[in-house]
Amino acid sequence: MSKTLVWVEHDNASVKDATLAAVTAASQLGEVHLLVAGAGCAGVAEAAAQIAGVGKVHLADDAAYGNALAENVAPLVVALMADHDAFVAPATSNGKNIAPRVAALLDVMQVSDILSVEGPKTFTRPTYAGNAIATVESSDAKLVVTVRGTAFAKAAASGGAGVVEAVAGSGDAGLSSFVGAEVAKSERPELTSAKIIVSGGRALKDAATFEATIMPLADKLGAGVGASRAAVDAGYVPNDYQVGQTGKIVAPEVYIAVGISGAIQHLAGMKDSKTIIAINKDEDAPIFQVADIGLIADLFSAVPELTTKISGA
Amino acid sequence: MKILVPVKRVIDYNVKPRVKADGTGVDLSNVKMSMNPFDEIAVEEALRIKEAGKADEVIVVSVGPAKAQETLRTALAMGADRAVLVETDAEVEPLAVAKILKSLVETETPGLVILGKQAIDDDSNQTGQMLAALLGRPQGTFASKVAVEGDKVVVTREVDGGLETVSLAIPAIVTTDLRLNEPRYASLPNIMKAKKKPLDVKSPADCGVDIAPRLKTLKVVEPAVRSAGIKVADVDALVAKLKEMGVA
Chain A
870 MSKTLVWVEH DNASVKDATL AAVTAASQLG EVHLLVAGAG CAGVAEAAAQ
920 IAGVGKVHLA DDAAYGNALA ENVAPLVVAL MADHDAFVAP ATSNGKNIAP
970 RVAALLDVMQ VSDILSVEGP KTFTRPTYAG NAIATVESSD AKLVVTVRGT
1020 AFAKAAASGG AGVVEAVAGS GDAGLSSFVG AEVAKSERPE LTSAKIIVSG
1070 GRALKDAATF EATIMPLADK LGAGVGASRA AVDAGYVPND YQVGQTGKIV
1120 APEVYIAVGI SGAIQHLAGM KDSKTIIAIN KDEDAPIFQV ADIGLIADLF
1170 SAVPELTTKI SGA
Chain B
604 MKILVPVKRV IDYNVKPRVK ADGTGVDLSN VKMSMNPFDE IAVEEALRIK
654 EAGKADEVIV VSVGPAKAQE TLRTALAMGA DRAVLVETDA EVEPLAVAKI
704 LKSLVETETP GLVILGKQAI DDDSNQTGQM LAALLGRPQG TFASKVAVEG
754 DKVVVTREVD GGLETVSLAI PAIVTTDLRL NEPRYASLPN IMKAKKKPLD
804 VKSPADCGVD IAPRLKTLKV VEPAVRSAGI KVADVDALVA KLKEMGVA
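In the order they appear, the protein sequences are chains A and B. The first sequence stops at residue 1182 when you use the numbering used here, and every number in between is there. The second sequence stops at residue 851 when you use the numbering used here, and every number in between is there.
Read the hints as simulated data drawn from the structure, not as lab findings. C-beta atoms are modelled at their ideal positions from N, C-alpha and C, and glycine is treated no differently. One thing to keep in mind: the hints can contain errors.
To be verified - Under 10 Å between C-beta atoms, here's a sample of chain A residues computed to sit facing chain B:
hint, residue
1, ALA939
2, VAL1005
3, VAL1036
4, ALA1037
5, ASP1161
Turn these sequences into a full structure, and let the hints steer you where they fit.
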């Protein structure tokens, strides 16, 4: 049976949900081993070992891996790949940064952003902004794959009995250094793992109106907050709120699109949501063509009314 | 310092792609083609670095059919100094493109290679990272800010939780994200001038690269279509629906 090595997405404190979808994809290819690379991340490895179906957990705990710099991490993965048949990473910003570097070092053509595993070396993946779904078969001896998190069920985070084993890598490659991060602090759920998302579009007028209209509804529902590219470009919210082909790909249980017309590029980022609800005063808006429930109304009266009338999660 | 900017000729981003009825791919006959939008941003960034006096030459390169010369001319009209076309009618995968670029980098020895983070046709998001790996050089992917500071380039990256900044030893590879800049339009005089700028044509074999694909496309289909649902009359009806779903 072939052995897969899964990149564990984490922040040196906890395992991120995107990992669980990658584990599900990897389990369809073979035995699942994990790599936890970070600094002071032994706790992450212990938690990762609890993920259902996991075998060995390779723990590379070194300051050089603390910020997941691709220059430092890729050689570590390449060394471990001597003993594995496939490298599987979630299509997070770290996964997308590191996996192709690993693939090139292994002389493998990566399969990006897979939606399904169709065979031992066959996958489906989106191309042309999700307008064409390709089925591709790899002819390389080893596989390097990134996984679209919304396309796979999450593996159970507990019930596993993996064994943590420390590995040493070559450490700092001396090519790059981490300067700093500006991480948006929010009490709200992260977009890619939120069960409910309330998203606002250009119709929200400005940053203050976006805040006053969208946030109370999101808070009452315990929802994550997203935005269309138009709303981001207009400066209502930062770019990490952006849902769409050029932003985040989400698939929550419920996606509430407020004042979003439904450009192709936005739909590409949310059309796999289980239930889509659209509130828009333009009855011809394309968003209604994909919405399960549509309300044609002025959002400035409808959203506050909705916020008042729901009892809250 | 030289800056090398690879550009790709792709379906125009305003055109809705149609999958061919026989499931072999996307129909590109009689479809408007343009420079990949992320690559336009890469060209613009290289020009801005040159205009700031931190680079002296911007070389654009494309791997693709003879018609990719048009894409290179567009980049020359924006202000790039010269162009190289590695001509082939075959579809070239990111790994092979990276190998071709590696060979050009070894000839041209640029301080920076700035690429689009992904092409909007195959959406692979691999070439820059692969090139960095093959060259053994650092990579600043998904850049929203690029600052050349002596022998380092400081790159602010768009990451899942917000932004992160890394410092890379030059020579380095940078890939662009959407918010890095707004590319300029080429003026008519510059379009005329671009016709006289040098454009070399090579073949993948000249670069010593085997471009045989590693992935075989078995079929291409349209995504499942989502159908429109119901309309509710007012907020009360919407609240009732949300309660049925157990979310309100």
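Now the hints, each set against the structure:
no. : hint    : verdict
1   : ALA939  : holds (6 Å)
2   : VAL1005 : holds (5 Å)
3   : VAL1036 : violated (20 Å)
4   : ALA1037 : violated (21 Å)
5   : ASP1161 : holds (4 Å)
Violated hints for the displayed structure, listed by number in ascending order: 3 and 4.
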